[in-house]
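Participant: First to last, the protein sequences are chains A and B.
Take the first sequence: its letters are residues 1 to 342, numbered as in my numbering.
Take the second sequence: its letters are residues 1 to 342, numbered as in my numbering.
Worth flagging that the hints you see were computed from the coordinates, not collected in a lab.
For glycine and all other residues, C-beta sits at the position ideal for the given N, C-alpha and C.
Be aware that one or more of the hints could be misleading.
Label pairs and their computed distance ranges (CB to CB) [what the hints assert, rightly or not]:
{"no.": "1", "chain 1": "B", "residue 1": "152", "chain 2": "A", "residue 2": "249", "range": "53 to 63 Å"}
{"no.": "2", "chain 1": "A", "residue 1": "308", "chain 2": "B", "residue 2": "308", "range": "27 to 37 Å"}
{"no.": "3", "chain 1": "A", "residue 1": "83", "chain 2": "B", "residue 2": "291", "range": "25 to 35 Å"}
{"no.": "4", "chain 1": "B", "residue 1": "51", "chain 2": "A", "residue 2": "208", "range": "29 to 39 Å"}
{"no.": "5", "chain 1": "A", "residue 1": "208", "chain 2": "B", "residue 2": "38", "range": "29 to 39 Å"}
{"no.": "6", "chain 1": "A", "residue 1": "22", "chain 2": "B", "residue 2": "152", "range": "24 to 34 Å"}
{"no.": "7", "chain 1": "B", "residue 1": "152", "chain 2": "A", "residue 2": "120", "range": "17 to 27 Å"}
{"no.": "8", "chain 1": "A", "residue 1": "120", "chain 2": "B", "residue 2": "216", "range": "44 to 54 Å"}
Sample of chain A residues with no beta-carbon within 10 Å of chain B, all distances over it, derived [said to hold, decoys possible]:
{"no.": "9", "residue": "2"}
{"no.": "10", "residue": "39"}
{"no.": "11", "residue": "83"}
{"no.": "12", "residue": "125"}
{"no.": "13", "residue": "136"}
{"no.": "14", "residue": "145"}
{"no.": "15", "residue": "163"}
{"no.": "16", "residue": "206"}
{"no.": "17", "residue": "214"}
{"no.": "18", "residue": "226"}
{"no.": "19", "residue": "233"}
{"no.": "20", "residue": "236"}
{"no.": "21", "residue": "261"}
{"no.": "22", "residue": "311"}
There are 2 protein chains.
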Amino acid sequence: MIIDAHAHYTSEPKSVPDFRAKQIKAFNDGVPWPTRKDLTISDDEIRAGIDSIQLKYQHERGIDRTIFSPRASAMGHHLTDEKLSLEWTQISNEFVHRIVGLYPNDFIGAAQLPQVVGVRPDNCIRELERCVNEYGFVGCNLNPDPSGGFFNSPPLTDPWWYPIFEKMCELDVPGMIHVSGCCNPSQYTTSSYYINGDTTAFVQLIMADLFSKFPTLKLIMPHGGGAIPYHWGRFRGIAFMNGRPELTEIMGNNIFVDTCVYHQPGIDFLMDIVPVDNILFASELWGAVKGLNPDTGREFDDTKHYVENSPKLTAADRAKIFEGNARKVFPRINKVLATAKA
Amino acid sequence: MIIDAHAHYTSEPKSVPDFRAKQIKAFNDGVPWPTRKDLTISDDEIRAGIDSIQLKYQHERGIDRTIFSPRASAMGHHLTDEKLSLEWTQISNEFVHRIVGLYPNDFIGAAQLPQVVGVRPDNCIRELERCVNEYGFVGCNLNPDPSGGFFNSPPLTDPWWYPIFEKMCELDVPGMIHVSGCCNPSQYTTSSYYINGDTTAFVQLIMADLFSKFPTLKLIMPHGGGAIPYHWGRFRGIAFMNGRPELTEIMGNNIFVDTCVYHQPGIDFLMDIVPVDNILFASELWGAVKGLNPDTGREFDDTKHYVENSPKLTAADRAKIFEGNARKVFPRINKVLATAKA
């Protein structure tokens with residue numbers, strides 16, 4: 001079985017971003033914003049996007065299951081307040097819940113959280129519980145920079161984040177550390193900002209100990225772990241200078257990276273550097289990088305092809321990356337898969 | 001000949017940072033700050049640091065010349081105002097000038113610029129002219145984020161930066177795009193912040209055209225180009241999505257990366273991805289990452305060893321990386337080297 005650990009709902013009908021724009025405009029204008037009652041999307045509209053885009057690629061490439069969460073760039077934790085962030089988050093999570101209901105053998109849900117810049121993420125606990133207990137979601141996306149590009153939250157190792165980590169451990173769901181859209185014009189959302197977000201968060205986890213307090217916490221660093229593998233020597237040396245252990249020891253059974261690295265040499269390099277036990281297959285389908293690599297004639301984000309062709313990997317390695325590690329990092333998917341129809 | 005394109009004066013006597021701390025404290029207290037007259041460092045004090053640390057490694061490793069600039073993390077463009085930034089910059093550049101005078105066959109100078117957060121870098125032109133025309137410096141460091149960690153300056157492709165680029169072209173000196181110390185607690189100066197700075201600036205140069213306006217401008221992206229080589233497929237695909245050409249075409253004869261990547265696989269990977277004509281040998285000696293790699297018994301920053309051992313490179317490739325490209329990117333070093341004593 002091949003499990004893709006990182007995808008967002010990016011084939012939504014245009015009425016969804018239009019609705020969101022109206023919410024934000026109303027919020028900024030100080031007038032009542034539209035609520036979930038003002039947004040009606042039929043199952044057929046959902047199917048039209050999923051079937052023609054996301055599921056089309058998923059089936060063509062032979063990916064069996066995708067862990068599916070709301071569009072990351074649209075979370076917009078810097079845009080509104082707690083009340084509206086919660087409303088938008090619940091709308092977004094409900095879409096994912098509906099999609100999982102329509103396609104139970106293709107998608108497994110993961111939650112957006114109603115974070116707000118400057119607000120301690122205690123306010124996310126109830127929504128995470130709701131998504132896990134009522135919707136059967138198996139993970140969540142945690143935004144390390146709810147400011148949308150200014151990196152002004154406490155490091156992930158700060159007690160500020162502990163309440164949400166406690167809840168994640170209690171529910172046995174991992175968090176993907178994923179920023180949202182960028183409002184800082186120096187950076188571009190899906191290129192420099194995403195990668196900077198990954199690098200920033202990963203280094204926070206290297207420089208101080210979080211996992212002796214949360215030994216079962218599992219965090220996924222998307223986009224191949226940002227810059228960490230390429231600069232492994234730099235970060236390893238700086239860890240030593242700060243009295244910290246080997247990076248592989250820090251990662252242990254707590255930090256995982258995905259395979260959203262969009263060229264064959266990058267994937268081969270990732271496999272050379274990061275232990276196989278810490279790598280999760282993922283494509284971010286359908287997402288950040290659209291289009292064909294002119295050298296290969298394949299989509300840039302066809303990471304399954306790269307992993308299949310990475311020369312160093314054994315069959316056992318590939319089985320871990322494609323399936324075994326996902327079952328370990330997202331323990332709740334085992335129950336979902338056991339009860340799915342054949 | 002082996003030319004190291006990236007090193008800072010990091011073996012200064014303790015009285016230098018002590019003096020700088022007094023300047024900043026006085027500035028913040030609103031009282032007159034100490035000037036260059038209040039800082040007296042003898043040649044012997046300078047030699048003590050250079051001989052025992054920076055030149056020791058340089059000679060041990062067989063590096064013939066180093067392009068040497070003030071300590072990057074101490075530039076502190078977010079800390080004071082134009083007047084004090086200029087005073088500190090001139091003090092810092094004078095140290096480099098003295099060191100080049102003491103060691104004319106080992107070091108070649110590059111300038112710090114008196115940038116200030118929020119101030120258009122027109123104010124840097126006179127100091128750059130002074131350093132090039134009076135001191136014989138061959139390059140400069142340009143800070144893309146004078147805020148010290150909040151990335152709130154216009155992108156490098158914005159006309160805001162044009163006056164300093166015009167002067168760099170006129171003087172035929174390249175700029176290394178290098179951030180300074182980080183005051184944003186989410187990031188660590190020499191790890192996540194440096195790499196994020198490189199990634200942010202590089203993507204700015206990918207996403208919009210600067211070099212048709214400045215065809216002779218040469219910019220160096222330090223620390224192996226941040227995250228760009230590892231995520232080459234992502235950035236290449238995003239460039240295409242935005243109507244931009246191949247990354248190699250964008251880089252052309254304008255964008256160069258250095259070899260400050262501190263492990264053998266990282267250097268090998270860099271050589272696989274970035275054209276040899278766009279790579280400059282550098283170590284950042286003595287600097288960000290101190291200590292031995294326990295696997296090899298060598299310092300993490302011994303990048304000369306990595307380049308020598310990178311299997312893909314031919315002798316002609318190594319000659320470009322070690323010398324030829326530096327002569328091309330820093331045209332003024334040719335004159336310096338021609339007049340140096342044997």
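Participant: For each hint, tell me whether it holds in the structure or not.
Facilitator: Checked hints:
| no. | hint | in the structure |
| --- | --- | --- |
| 1 | B:152 with A:249: 53 to 63 Å | violated, 37 Å |
| 2 | A:308 with B:308: 27 to 37 Å | holds, 34 Å |
| 3 | A:83 with B:291: 25 to 35 Å | violated, 50 Å |
| 4 | B:51 with A:208: 29 to 39 Å | holds, 37 Å |
| 5 | A:208 with B:38: 29 to 39 Å | holds, 38 Å |
| 6 | A:22 with B:152: 24 to 34 Å | holds, 29 Å |
| 7 | B:152 with A:120: 17 to 27 Å | holds, 25 Å |
| 8 | A:120 with B:216: 44 to 54 Å | holds, 51 Å |
| 9 | 2 | holds, 20 Å |
| 10 | 39 | holds, 28 Å |
| 11 | 83 | holds, 26 Å |
| 12 | 125 | holds, 23 Å |
| 13 | 136 | holds, 32 Å |
| 14 | 145 | violated, 7 Å |
| 15 | 163 | holds, 19 Å |
| 16 | 206 | violated, 8 Å |
| 17 | 214 | holds, 20 Å |
| 18 | 226 | violated, 6 Å |
| 19 | 233 | violated, 3 Å |
| 20 | 236 | violated, 7 Å |
| 21 | 261 | violated, 7 Å |
| 22 | 311 | holds, 14 Å |
Of the hints listed earlier, those the structure fails to meet are numbers 1, 3, 14, 16, 18, 19, 20, 21, in rising order.
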